[in-house]
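Undergrad: The primary structure of each chain is shown beneath.
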Amino acid sequence: MFCQPLRLAALVLVTIVTPALAAPLESEPIKPLPTSLNADPLRAALGRRLFHEPRLSANGAVSCASCHSLDKGGTDGRDRSIGFDGRLTGVNAPTVFNAALNFRQFWNGRAPTLEAQVDAVIQHPVEMGSKWEDVVAKLALDPGYRSEFARSYPDGVTRANIVDAIASFERTLITPDSRFDRYLRGDADALTDEEKAGYTKFKQYGCVTCHQGVNVGGNMFQKFGVMADYFARRGNPTEADLGRFAVTGDADDKNVFKVPSLRNVALTAPYFHDGSARTLGEAVDIMFRYQLGRAATPGDKGAIVKFLETLTGEWPRRPK
Amino acid sequence: MNHPKRRIYFAVAAMVAVLTSALAFLYAKTRAYDESRHFENLANLREIEHLDTHWELDALKSRVGINTHYDALVAASPEFHRLVAELRAMVAEGLTDAPSALEQSIEALDRSIEQKADLIEHFKSHNSILRNSMAFLPTAADDVLGLVDAALAKTAKRPAGGMRRVPEDTDDLLLAAFIYGHDGSEDRADKVEAALSRIDADTHELPAEVREPLDLFAAHIRTVLREHRIVIGLLNEISAVSIHRHIDDIEALLSDQFGQASIERHRYGSYLLAFAALLTGLLVPAAYSAIRNHGVVKRINRQLQDANETLEQRVRERTRELHAAQAELVDAARHAGMAEIATNVLHNVGNVLNSVNVSAGHVSGRVRASKAAGLARAVAMMNEHAAELGEFLTQDEKGRLLPGYLAKLSEALVAEQAEILDELGRLTNSIDHIKEVVATQQSYAGASRIVEPVRIRDLVDDALRMNAGSLARHDVTVVREIPDLPELPLDRHRVLQILVNLISNAKQAMDATGGRTHRMTVRAELVDEGTAASRLRLCVEDEGEGIAPENLTRIFSHGFTTRKNGHGFGLHSCALAAREMGGTLNAHSDGPGRGAVFTLDLPLTADASLKPCAPPPLPVPLLVPAAA
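So the protein sequences, as listed, match chains A and B.
The first sequence begins at 1 in the numbering used here and counts up by one.
The second sequence begins at 321 in the numbering used here and counts up by one.
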């Protein structure tokens, strides 16, 4: 009996508050990006310099930024990238943006951390081709680096500190405040109706079972070609196509790759580890065919592409 | 005396070191495995266990669709790494013995976590596929049914064969698949497979537009069958990876160790207690002996004080004795001084006797060469001619000369007598001088002095005269620079004695250079006339051998001489005499071969003559070998 006025009051309260509060969407499979990962600003500044430092490569031809251009969505727009001596890398360069939020690094997930990824790339025979002692020696000769390192690290220029500085910088390369994130935070007007419909389709068709979480992917492995053999259809199988198998040697891991993040996906064409999809539409088609094993109507596919374009975040020098 | 004491210190230091280290050892033993670390480890293990439970739960939630993303599953891995690393560090830090079992258990735990992570990765992949296919099944079935209906509508005849059975079989299959999806048992899987094979059997009878969606539906059914088995298998494997077991193992080992450590700690605690008791036991006799020692120290202190007082008395006595001895010594020194004075006096007397000798020689020479013999001859001649004296004096050639001769002779005799008288006067003077010198010695103790008005010029003349003989012998030119001075009150004999000595010294100094003519200057002047410091200055300057600088201060010492047959007390007595008169005697020389000046300064004020009787100490007599 006495519950009646209470319930009424609660109802009134909810009715008043709801439009004002624009409650965040809590139970969605995708979460908004954090605004910062709290990287040390001094070390990150040093890392930014190192990120653009061609002396990290054996012949001074390439820097991190050569393949992960901050002006091009954190990648280089090529199917496969060009290493320090002109040879092509095995896979398409994934974006460096939000890489800190991926659960593993590289397409085959062989690096558990950003630091391990930096360490591997510098020594990669195609990518940078350096020996660490040479890199450390070259940087230690530079008085600017010496003083900058001394400011951030008590032991100065070392392999571990170079790696740490670059990783610190990469932790600043997150792209919060995309329109979709604003929508998730409760701004219902951040998306158009078509984009909202695209998001619904994205969930309904099952894209979201792999591309979920804060990074819209990047937190699991998946076989490329679940419902059909992608590589047989594509042809020219390469070693890189084996994916995670190269790391674990487990037959179940053949053609298994890290599910890439779809953050800023509109800016990171071409798509897939082999860079075979030139456009988002093409990529969505391939995903439907080989991963979901079903077809989408052209309207649904268009809506999904529209939704994907709302995942582009904000950062200085972002291409419009 | 020193060594045994040092040995005792060493022994005490060693004992303190031993006791301290024993105490530190026992204390460390009781702290070896402390509780806070143990419970931190346990908390860590609990956290791992908790995380593991949540991990499994999250996997199940993902399986049933409560979790719509895998971020939670991903977040567990770094947490596990952190906790295991902490556990490792803590255990490595805290372990004392037999750590291998514990470390092996932690390794096994780490491996299990890795294994589970790997299984969960596979689970995620397969679960996604399963869920998508499951989600697609109703749509796929609807597509099939819709297309069957459309195909049937197109033909407008009764469905037959496969086409008749397809809708029903599709629904059956969908239902079987859903039941299987929720149940997961193998007999449900068999039912699904049976339904699937029924549809497969009919496929070839179907038109292409129906067969295509039916194939897709069947493909997803097969995917569900396959993936479901895998997912169930993975979930079973995941729960089979027993992280709990390893945690229990580690906990058992840690508790075991903690238990042992507690027992050990208790044991060492009792050792510590025993040790404390031992220390207390040691302390009691130490305290007892300290108290006793205090008594001993007090007694000894008292004794020391007594001894000290006795010692002081003895010191006083000794001091008195020493004073007496010193007085005796002073007496002895006085006697010695008197002996010195006697030597001094004899020397001075010797100097004057020289003059006496000269005067005596002079008188006897005069007497020997006296004209009195001529008188005797004249008288004898007159006696011969006594009879005819008148005639003889007037007639005789010789007699005529006689009166003249007598007159001359008497003149000569008068002169001679005067000369001898003169010389005798000098002799008397000298003898007076000797008398004075001797009187001086006699009057030494009383310092009786005769101060009389003296003319300086006379005084200098006297002094020169006393040395006249030798000055003439040594061809010395004496220059006197004596102004007309009034009579001055002086102790004539002492001044004379000093001057005689100085002149004699100057003469001898020039003697030593030989050859050329020598000049000596005697100068007198008044200095600071009219003031309280007014004094008479007498200088004796020679051109003799000079004085070496190192000897300038020593020449006044008793016994110092550079002459072969010198006594070394002439200048000493002069300085003494000058000081008795309140004056000073100084020597100056530009160096050997450049002559010397001796300056005697005598005060002219009345009170200056009153000086203490005891001679002030003079430089200690030095016996210097004659330099000659």
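To be clear, the hints were calculated from the coordinates, so they are not data collected in a lab.
Keep in mind that this is a model prediction, so the values were computed, not measured.
Treat the hints with caution; some may be incorrect.
Think about it this way: if two alpha-carbon atoms lie no more than 27 Å apart in a straight line, the pair counts; the simulated DSSO-like pairs of lysine-lysine are [to be verified]:
hint	chain 1	residue 1	chain 2	residue 2
1	B	Lys381	A	Lys31
2	A	Lys203	B	Lys691
3	A	Lys254	A	Lys223
4	B	Lys349	B	Lys381
Per label pair, the in silico range of CB-to-CB distance [as the list claims (entries may be wrong)]:
hint	chain 1	residue 1	chain 2	residue 2	range
5	A	Thr297	B	Asp535	17 to 23 Å
6	A	Ala137	B	Glu427	52 to 58 Å
7	A	Asp177	B	Glu399	26 to 32 Å
8	A	Arg159	B	Ile499	32 to 38 Å
9	A	Arg159	B	Glu427	23 to 29 Å
10	B	Ser420	A	Ala232	50 to 56 Å
Note that CB positions come from ideal geometry on N, CA and C, so glycine has one too.
Undergrad: May I ask which of the numbered hints given earlier this structure violates, with the numbers listed in increasing order?
TA: 2, 4, 6, 8
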